[in-house]
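*Asks:* Listed below are the residues making up each chain.
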Amino acid sequence: MGVFVVRRLAQAVPVIFLISLLLFFMMHAMPGGPLAMYVHQPGITKAMLEQIRIDYGLNQGLWTQYVDWLGKAVRGDFGYSYVYAQPAAGMMLQRLPATLELMLSSFLITVLCSFLLGVYSAVRQYSFGDYLITVVSYFGFSMPTFWLGLMVLILFSVHLHWFPAGGMATAGAAFSLGDRLWHLILPMLVLAFYTLASESRYVRSSMLDVIHQDYIRTARAKGVGEGRVIWRHALRNALLPVVTVMVMDAAYLFGGALITETIFSWPGMGRLFIQAILQSDYPVLMAVVSFLSVVIVLANILADVLYGLLDPRIQYS
Amino acid sequence: MRDKWWKSLLSPLAAAGLLLAVAAPAMGPAAQAAAAGGSGTIVDGLYEEPGNLNPILGPDMTYSQIVDTAIFRNLFMITPKGVMEPDLASVVPTVQNGGISKNGLVYTFHIKPNANWTDGQPVSCQDIYETWKVVTNPAVLAVTRLGWDDVQNVKTISPKVCQVDLKKPFPAILIDDFSENLPGLIPYSVFHGMTAPEINTASFNHDPTVTDGPYMFQSWAPGASITVVANPNWYGPKPKESTIVFKIIPDENSLLANAQAHQINTYYFAPIEQAKQLKAISGAHVFFTPMAAWESADINFRNPALRDRNVRVALEMAIDREAILKKIWLGYGVLSAADQPPIIWANNPKLKPYSYDPKESKILLDKAGWKMGPDGYRHKNGKTLQLVYATTSGNPWREATERLVQYWFKEIGVKMVIHDYPANVYFGTVLPSGKGWDLGEFEWTEGYDPAASEEQLYESGGAQNYGNYSNAKVDRLLHEQDTMLSQSSRQTVLRQEQAILHQDLPALWYYTPDEIDAAINLKGYQPDPWYVETWNCYDWQLTQ
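Quick note, the sequences are listed as chains A and B, same order. According to numbering that gives the first Met the number 0, the stretch in the first sequence is residues 0 to 316, in order. According to numbering that gives the first Met the number 0, the stretch in the second sequence is residues 0 to 543, in order.
Treat the hints as calculated values from the structure; they're not laboratory data. Hints are all accurate, no fakes.
Cross-link-like lysine-lysine pairs, in silico, DSSO-like; alpha carbons within 27 Å at most: (1) B/Lys-80 <-> B/Lys-522; (2) A/Lys-45 <-> B/Lys-166; (3) A/Lys-45 <-> B/Lys-472; (4) A/Lys-45 <-> B/Lys-167; (5) A/Lys-45 <-> B/Lys-434; (6) B/Lys-132 <-> A/Lys-45.
So, partial list: chain B residues that the calculated Cβ filter (under 10 Å) puts toward chain A: (7) Arg-144; (8) Gly-146; (9) Lys-246; (10) Gln-262.
All C-beta atoms, glycine included, are put in the ideal place defined by N, C-alpha and C.
Given these sequences and hints, build the entire structure.
*Replies:* Here it is as structure tokens:
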């Protein structure tokens, strides 16, 4: 196992390098560029714009820029944001806690509920409850997040006044756990609703494969209680494909949720990322994308390792 | 038994829900919860997060200036009536009061005796000197060097009396450098001795602890909010509330929801389609303010067909701009005859907008040699009169406008193709390249003095002269007014220039829309077209 992990980590290094190379060139191929922010400055001249281009090092060849970026990036220096003139890596780390708070809480809700609903749907296949869950799942899957988020905001904040209309905390108020939870609920549920829709379907389908197996029938014939049959025998075996999907989903949590974070004014990575794209803030863009690449590659390795741990038939040699 | 297994698992969820409900604070928006009358928290909704709060650093972001103006002041300010009044200074210098030399090369500023920075240091001539040195350092990413580049020297007469010598007369210097807060003044005590890279990345830029405005910086939660608190030692009127939280809400629909839920007290630059909903909010006052801005479509003179004035006039007269204003802008705005809107002193009131007259358009196109073909489009020398219309994507009013323009152009036999781009692509690549567009629509906003904008937009080789327009007389008039001291003389020259722009049509002149702002449960709020909305934030008071 140890050798396997070391080998996979070694393989990950060139993969991450290639990803960064590809992203760097793709980013510079995008039309627009950081100078768009400066064109309306009072008294700006073409010479001044050219000077800004030189200050940012954008006048150099792309390969030179990439080698320079890579040399610093491996030492953790991703440069300074063009817009905020702050270290790009620092800006990313500032946003990470907010993203993790939102994404992990919604992930936990998703995992918990997807198991409950998926197992119920499978055990009660073709029942009214199964159909209801299927319809709601498809609704959750098909509804655009920006629409659902806004509707939730309008209903629960504007009309019912049950929850705040976005943000992480009440403006001007001292920190309180209750206040943070109160602000978290709507974005968390909107996000969870979307992922729950797909993951509960995975659990259902995986459970359906398992509960018709002979060993489940045998367990029931031997008089094992239904709860034990479902949770100990069936679910444990149904977990294998589901866990892999969930580990990969967890990796994407670090990227934040672009739309949900925007609608609910949540100061996470997703918003930082979209803002960096819109402003062509290359240093921030590269910092975020590089970080996500590493997390996703590591999550892939983790998924492989977990698969081996959960399924004794898998041997790493 | 089979019925019960899942129900038992729901109980922990129910318990968690109950816990959250108990833990949650009493429901109600922050703005309402705060006590009114001196100790309340005003929540100011910002669509965009400021890049930094250093009043001399770029990029030029309106939202940076909104926050800056709450914590920094400059020597003068322009009131909503368009009058320059002293702010940090005790008097506005003029030639008459001896504050400006007769040759326009020497300006003397008197700073208020009680104007101090929050570190206790007096605001003094040293600060003006330091600002000049920093702004003109080419390695500093200054928001602008306009005006500062013309300064020859800054001399200290006494700590509170400062003499600024210019290399050449530049009458707009009072407006461009001393009447806003981006660019504004920076404290000598913080920046003296710093190198350019240190200035560009100083912690002060995001944590400006030394300020001189009605409020003082308290904290910045990245991506979430910026908090400022009342400055007890400010020289002006005592702020009526203790705190302003600038809450960053990067979505217009969410801003509207926050306003409707009474969770913000101000909402700037609302889109026209939200005007009706904003008016329906209890306790909301919606302001429609004429702007120092205009919407137009630049003409690309690289296209030979558009070099013919008959074609340009035909296009202008084919567009029913009054209908656009009425239907899309619900009547909130005025039609343009040239670029300068009526509230700007350089506006030429004798110029009248071109009338909507498609019949005349057809005659002009015939005269230009573009004959109607059987396909419903005009042709000349085997070429179809086809134009590419470009603008920023995602703006509902621009999308509606271009569809209408496309219809009206079809009526006169002009084929129009629409290409929209994200704003950074449009301004960063498409417009400056001069390629891929024939008509480029955008809005231009300017300050109290229009000279710099005119040079950028319509002077040959100007940085934003995207369409390559060139008229030697316009260039000459712009240079001429640059050094004139008297505003009335400059007005005469700029009005002449306006008349040429009206005649030449370097852009299809559209309209000036009103700015839409809302104040919710807040009194004292008063939009200022020459400044940013926080210009009188010391006067803002919660009503609930």
